[in-house]
Each structure stands twice: as structure tokens, then as C-alpha cells.
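Chain order of the listed sequences is D and B.
Counting in our numbering, the first sequence runs from 2 upward without gaps.
Counting in our numbering, the second sequence runs from 2 upward without gaps.
No lab work stands behind these hints: they were computed from the structure.
Don't take every hint at face value.
For chains that are exact copies, the list does not tell them apart, and a pair is met inside one copy or across any two.
No more than 30 angstroms apart at the CA atoms, straight line, and that leaves these computed lysine-lysine pairs for DSSO-like [claimed, not checked]: (1) K251 - K177; (2) K296 - K147; (3) K70 - K4; (4) K147 - K70; (5) K296 - K15; (6) K71 - K251; (7) K147 - K15; (8) K15 - K4; (9) K147 - K251; (10) K71 - K177; (11) K251 - K70; (12) K71 - K147; (13) K251 - K15; (14) K28 - K177.
All figures in this text were calculated on a predicted structure; none of them were measured in a lab.
2 protein chains.
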Amino acid sequence: MTKRIGRQTVAFSKPVVIRAAASTVGKKEGEGPLGQYFDEIAEDSMMGEDSWEKAESCFVAENMALVLKKAGLTHEDIQYVLCGDLLNQCMGTTFGIKDLPIPFLGLFGACSTMGEAMSVGAMLIDGGFAEYVLGGASSHFCAAEKQFRFPLPLGIQRPQSATRTVTGDGAVVLAKEGEGPQITMVTTGKIIDMGITDAQNMGAAMAPAAVDLLLAHFQETGRTPQDYDVIVTGDLGYVGHQLVVELMAKEGYDMSENYTDCGILIFDRETQDTHSGGSGCACSAVTFCGYFYPKLCSGEINRMLFIPTGALLSADSAVLGLTIPAVAHGVVIESGKGSCT
Amino acid sequence: MTKRIGRQTVAFSKPVVIRAAASTVGKKEGEGPLGQYFDEIAEDSMMGEDSWEKAESCFVAENMALVLKKAGLTHEDIQYVLCGDLLNQCMGTTFGIKDLPIPFLGLFGACSTMGEAMSVGAMLIDGGFAEYVLGGASSHFCAAEKQFRFPLPLGIQRPQSATRTVTGDGAVVLAKEGEGPQITMVTTGKIIDMGITDAQNMGAAMAPAAVDLLLAHFQETGRTPQDYDVIVTGDLGYVGHQLVVELMAKEGYDMSENYTDCGILIFDRETQDTHSGGSGCACSAVTFCGYFYPKLCSGEINRMLFIPTGALLSADSAVLGLTIPAVAHGVVIESGKGSCT
Chain D
2 MTKRIGRQTV AFSKPVVIRA AASTVGKKEG EGPLGQYFDE IAEDSMMGED SWEKAESCFV
62 AENMALVLKK AGLTHEDIQY VLCGDLLNQC MGTTFGIKDL PIPFLGLFGA CSTMGEAMSV
122 GAMLIDGGFA EYVLGGASSH FCAAEKQFRF PLPLGIQRPQ SATRTVTGDG AVVLAKEGEG
182 PQITMVTTGK IIDMGITDAQ NMGAAMAPAA VDLLLAHFQE TGRTPQDYDV IVTGDLGYVG
242 HQLVVELMAK EGYDMSENYT DCGILIFDRE TQDTHSGGSG CACSAVTFCG YFYPKLCSGE
302 INRMLFIPTG ALLSADSAVL GLTIPAVAHG VVIESGKGSC T
Chain B
2 MTKRIGRQTV AFSKPVVIRA AASTVGKKEG EGPLGQYFDE IAEDSMMGED SWEKAESCFV
62 AENMALVLKK AGLTHEDIQY VLCGDLLNQC MGTTFGIKDL PIPFLGLFGA CSTMGEAMSV
122 GAMLIDGGFA EYVLGGASSH FCAAEKQFRF PLPLGIQRPQ SATRTVTGDG AVVLAKEGEG
182 PQITMVTTGK IIDMGITDAQ NMGAAMAPAA VDLLLAHFQE TGRTPQDYDV IVTGDLGYVG
242 HQLVVELMAK EGYDMSENYT DCGILIFDRE TQDTHSGGSG CACSAVTFCG YFYPKLCSGE
302 INRMLFIPTG ALLSADSAVL GLTIPAVAHG VVIESGKGSC T
């Protein structure tokens with residue numbers, strides 16, 4: 002039986018398999034350090050559409066089709082599609098998957114959405130409700146900047162603490178059985194609000210949520226950072242990553258050796274002018290699907306703790322001068338046996 | 002074991018109990034036909050705040066506290082809080098629950114959110130992941146009008162097909178065992194897009210999703226409308242309700258006798274000038290929690306099919322001339338034994 006091992010953590014009775022993973026990204030992401038790892042790189046980040054929002058939906062639609070193909074499945078095999086994004090009313094998702102005739106459970110976790118999709122998806126499978134779940138998350142730099150910060154044509158200078166929203170979609174097919182890396186535990190985050198109000202410093206807003214999640218995970222599982230080959234947060238960037246290392250050190254955990262962040266990995270700060278790094282729902286989603294998933298398949302990574310982080314920011318809450326609450330969802334993934342797609 | 006009885010429907014191995022339900026509404030809702038059934042009626046729909054969005058969060062916070070009190074539980078007893086709303090980035094939810102230290106899974110189903118919360122919550126409990134789940138949904142008339150239609154001070158005339166967003170929050174505590182009405186099945190909806198683009202006619206946009214859900218439910222369970230004491234959609238209003246009756250008749254199902262809609266019940270069209278009826282995430286949530294839940298407790302209703310309906314509309318998608326895709330989530334609830342709160 003499934004084991005609840007703490008307030009926020011459950012361990013699965015039978016690990017849930019990540020049968021396939023796919024990543025489709027924009028041009029700038031393709032030019033970055035992880036470019037060679039992504040499945041598809043769009044030459045035109047507008048995807049031939051006349052708006053950024055419609056372009057984001059194209060990334061979703063194409064990548065969902067790709068991950069199904071990689072898993073050797075069709076939409077008829079999938080019991081639930083779980084996904085979301087950070088546009089108003091998750092419109093990237095809605096218009097990206099509306100032609101997929103699969104029961105839909107929309108998620109909102111801002112940039113933590115990929116963690117939420119993998120967590121809920123794994124629970125639905127382990128609970129006996131599905132054999133296959135399709136999970137994913139997307140974002141688009143231009144659509145996000147327009148919505149949360151400044152219209153791009155204004156050319157507003159961005160501070161060094163700012164991150165750049167990743168353009169793309171990452172998606173996984175979770176399965177009850179078969180070959181592939183395995184989700185063995187999930188630790189679900191609480192909302193943490195430390196009073197940060199600066200939308201140009203999301204790393205600082207989200208770092209306390211990542212720390213809260215890490216502490217809960219280690220305390221409930223009895224593990225330490227050294228029990229993982231790698232611990233990866235979603236999109237804290239350089240600023241948030243450093244904060245996590247410092248805050249965890251104060252709590253007695255050494256995160257200096259095997260902890261990184263998808264926002265740090267996805268862009269080259271020196272050559273790509275990306276300041277604190279990458280962010281957005283797609284940041285953790287495409288980095289996991291493109292870069293980490295194959296390493297879990299090959300056994301190069303045996304056990305990882307993946308923690309997509311989300312800033313529960315709204316353009317309206319910013320106008321009202323409200324804070325930026327944050328949440329983080331942790332997923333433990335172990336190298337599976339056999340072939341991966 | 003849990004039984005999947007069709008593409009979209011699962012039946013629970015052991016029914017999930019709705020341990021408590023609570024509803025907190027605005028002044029106009031309190032003056033409507035269901036006024037006497039709500040737990041709390043706010044005299045001031047601003048809740049003493051200086052913005053509608055913050056007021057919505059107050060409805061959430063107060064009603065979540067109320068439902069926990071009614072269930073005789075504290076936040077420490079609850080494993081997951083599942084909720085959402087229709088503001089940009091679910092900010093009504095975020096700021097309403099951010100001080101509740103409970104693992105949070107944010108949902109986006111627009112006005113179908115209460116159905117999604119009850120569905121996912123019941124699956125998490127039946128799957129063995131939680132003993133108690135807190136689920137809810139909220140909306141606020143003024144915040145929704147500002148976001149999706151016209152600023153209220155303009156005094157734009159609303160067509161007869163328009164619905165009025167319900168102000169309030171409805172919340173339930175789902176439990177693994179104990180007394181109270183029981184969730185026995187859920188049928189999860191697919192996104193249905195029939196090409197409607199008029200945000201002043203949400204009933205027409207959502208009716209096809211309700212019909213698709215009803216057909217899936219009846220076909221997969223072998224039931225007919227007559228197997229239910231009452232079938233209730235979320236917020237189709239008079240326009241959408243009539244469409245459902247007509248479309249279902251064409252499919253051979255008689256929905257003329259025991260089918261109603263929360264949007265029809267919550268306002269008096271003649272005296273309250275509410276046109277096609279009520280809508281919004283709170284419409285189905287408060288009508289279920291305030292009006293139907295006690296009838297399930299008392300046995301006045303033995304078996305109901307509750308179908309919150311959602312228009313996956315965004316102000317941005319409307320500007321881009323996109324359609325309004327819709328989704329509906331069905332929950333079968335049967336009268337429980339013993340006392341209810």
C-alpha cells in the first residue's frame with residue numbers, strides 16, 4: 002500500500018514509470034547550453050501565428066503529440082491530461098490541448114506546474130485510476146513579459162536579478178508499468194509568502210518555498226542532500242539558488258555540492274544576456290524532459306530530487322501592491338531499467 | 002479496488018464522505034431565493050477591503066476557516082487543499098489560502114473548479130494518499146466583470162443571455178470515512194469547443210460540454226437521467242439549461258423532469274434583474290454547499306449528479322478573437338447516513 006511518510010510526503014507502493022518525455026523549445030533556448038538535448042527547436046518562436054499566446058499553444062499541441070508518439074501511444078490510451086501554464090486562465094494549455102479528446106484536469110501552480118502534474122499524475126496512477134497520464138507545462142517569453150512585466154517594444158532595462166521566461170513545452174507520459182525512470186515519492190509544497198513584491202526578483206520570492214519543501218522532504222524521509230545524485234529546483238536562477246544554499250546551510254544541510262537549478266542550466270549568462278537565468282513553467286519542464294530524463298534512463302543519474310518552483314504572481318496582484326507567494330513541489334525520480342523514449 | 006467503468010468514469014471502492022460543507026456569499030446572493038440556506042452572508046461585498054480581488058480572498062479565507070470548524074477539524078488534519086478560481090493566476094485562491102499551512106494543489110477549471118476539486122480530492126482519498134482533503138472554489142461579481150467583460154462604472158447594458166457572476170466561496174471537507182453524503186463516482190470531462198465567441202453568452206458556450214459529459218456518464222454507467230433524484234449543472238443559466246434539455250432530447254434522453262442548474266436556482270430573474278442566471282466558480286460551489294448538501298444529509302435527496310461547468314475563457318483570448326472552449330466535471334453524490342455538518 003501507499004505509504005504516507007509525513008505531513009507532505011507520500012511514497013508509492015509501486016513506483017510510477019515515466020514512459021516518455023518530450024521537449025519543444027524556442028530559438029534562444031535551442032542556442033543555449035542545453036540546445037543539443039531538446040527534441041525540437043522552433044526556428045520561429047511565433048510558430049507562424051500572429052500572437053505570442055497562440056504561439057505558446059502551438060508549442061503545447063506539437064509537444065503533446067510528440068510525447069505521445071515517443072511513448073508509442075495515442076490519445077485513446079491516456080486516461081487524464083494534467084497540465085497548465087502561467088498565462089491568464091491557463092490559455093496556453095486550453096488552446097494547446099483542446100483538440101485532444103482526453104479527460105482534462107487543469108492545474109495551476111505557476112512555474113511549479115510540472116511538479117504538480119507529475120505529483121498528481123503519479124497519485125492518480127498509483128491510486129488505481131489510470132494506466133497512463135499525460136502531464137506537461139508551457140510558457141513563452143514574450144507572452145509572459147507582456148503579461149507580468151513590461152511590453153517588450155518599450156525596451157525596458159531588466160535588473161540583474163531578473164530571469165528570462167523560457168519558451169517551450171515539456172511533457173511526460175506517466176505509466177502504471179513498463180520501462181523507464183520511476184517516481185518513488187512526492188513531497189507537496191505549502192504556499193510560502195515572505196513578503197517579496199518585486200516581480201523582477203522571482204528567485205528571492207521562490208527560494209523560501211524551495212527551502213520549506215527541502216526541509217519537509219529531508220525531515221520526513223530521513224534523507225539528506227547526499228542521498229541524491231542531484232537536486233534540481235525549477236527556476237530560481239542564480240539569485241534564488243544562492244539563497245537556497247545559504248538558507249539550507251543555516252539549517253544544517255550542505256547543498257553546495259549536488260544542487261543546481263534549471264534556470265541556471267538552460268541559458269549561458271555570459272553569452273546570452275539572461276541575467277539571473279531562466280524561469281517560467283517551461284523552464285523546469287523542458288530541462289527535465291530534455292536534459293535529465295535521458296540521464297535517468299541511462300543510469301548516469303540514479304536518484305534525483307526534482308523541485309519545480311512557482312511564484313504565484315498575477316499582474317493584478319502586482320498592481321494592488323500585494324506580495325508574491327510561492328510554492329514548490331518535490332518529485333523523487335530514480336533510474337529505471339531498460340530502454341527509454 | 003477502484004473500478005474504472007469507462008473512458009471518463011471511475012467508481013470508488015469505498016465511497017468518499019463529504020464530512021462538511023460551508024458557503025459564504027455576497028449581499029445579492031443572500032437576497033436571492035437561496036438566501037436562507039447559506040452559512041454566512043456578507044453585508045459588504047467588499048469585505049472591508051479596498052479591491053474586489055482582495056475581497057474575494059477574504060471570502061475564501063473566511064469560508065475555509067468555517068468549513069474546518071464545521072468539520073470539527075484543524076488545518077493540521079488536512080493533507081491537501083485543492084482549490085481555484087477564475088481570476089488571473091487564481092489570485093483569489095492564492096491570497097485566500099496562503100496562510101493555511103496545508104500542502105496546496107492549485108486547480109484550474111474555471112467555473113467547473115468545484116467539480117474538479119471534489120473529483121481529484123475523492124481520488125486522492127480513495128487512492129490512499131489522504132484522510133481529509135479541503136476543496137473549494139470562489140468568484141466575485143465585480144472582479145470577474147472587470148476582468149472578462151466591461152468595467153462596472155461604464156454601466157454597459159447586459160444582454161439577456163448574460164449571466165451574473167456569483168460572489169462567494171463554497172468549500173467542502175472530504176473524508177476517508179465517517180458520516181455524511183458520499184461521493185460514489187466521478188466522470189471527468191474533456192475540453193469541448195463548439196466555436197462560441199460571445200463572453201455574454203457563456204451558457205451556450207458551456208452547454209455542449211455539459212451534454213458531452215452527460216452522454217459519457219450515461220453511456221459508461223448504463224444509467225439514465227431517471228436514476229437520479231436530481232441532476233444539476235453549475236452555471237449554464239436559463240439559456241444553457243434549455244440547450245442541454247434540447248440537445249439531450251435529440252440523443253434520446255429526457256432531461257425535462259429532474260434537471261436544474263445552480264445558475265437558475267441562485268437568483269430570482271424577475272426581481273433581481275439577473276438575466277440568464279448566476280455563473281462563476283462560486284455559483285455551483287455555494288449552491289451545492291448551501292442548498293443541496295443539507296438535502297443529501299437529510300435524505301430528501303438520495304442520489305444526485307452534480308456537474309460544475311466551466312468556460313475556459315480568458316480576457317486575452319477574447320481580445321484575440323478566439324473561441325470559448327468549455328469543460329464539465331461530473332460527481333455522483335449519494336445520501337449518507339447519520340448527521341451532517
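Against the structure, the hints:
no.: 1; hint: K251 - K177; verdict: neither (40 angstroms within a copy, 39 angstroms between copies)
no.: 2; hint: K296 - K147; verdict: neither (35 angstroms within a copy, 48 angstroms between copies)
no.: 3; hint: K70 - K4; verdict: between (33 angstroms within a copy, 28 angstroms between copies)
no.: 4; hint: K147 - K70; verdict: neither (33 angstroms within a copy, 42 angstroms between copies)
no.: 5; hint: K296 - K15; verdict: within (22 angstroms within a copy, 40 angstroms between copies)
no.: 6; hint: K71 - K251; verdict: neither (44 angstroms within a copy, 40 angstroms between copies)
no.: 7; hint: K147 - K15; verdict: neither (43 angstroms within a copy, 48 angstroms between copies)
no.: 8; hint: K15 - K4; verdict: both (10 angstroms within a copy, 18 angstroms between copies)
no.: 9; hint: K147 - K251; verdict: neither (38 angstroms within a copy, 45 angstroms between copies)
no.: 10; hint: K71 - K177; verdict: within (17 angstroms within a copy, 38 angstroms between copies)
no.: 11; hint: K251 - K70; verdict: neither (46 angstroms within a copy, 37 angstroms between copies)
no.: 12; hint: K71 - K147; verdict: neither (33 angstroms within a copy, 43 angstroms between copies)
no.: 13; hint: K251 - K15; verdict: neither (35 angstroms within a copy, 46 angstroms between copies)
no.: 14; hint: K28 - K177; verdict: neither (35 angstroms within a copy, 49 angstroms between copies)
Checked against the numbered hints above, the structure violates hints 1, 2, 4, 6, 7, 9, 11, 12, 13 and 14; every other hint is satisfied.
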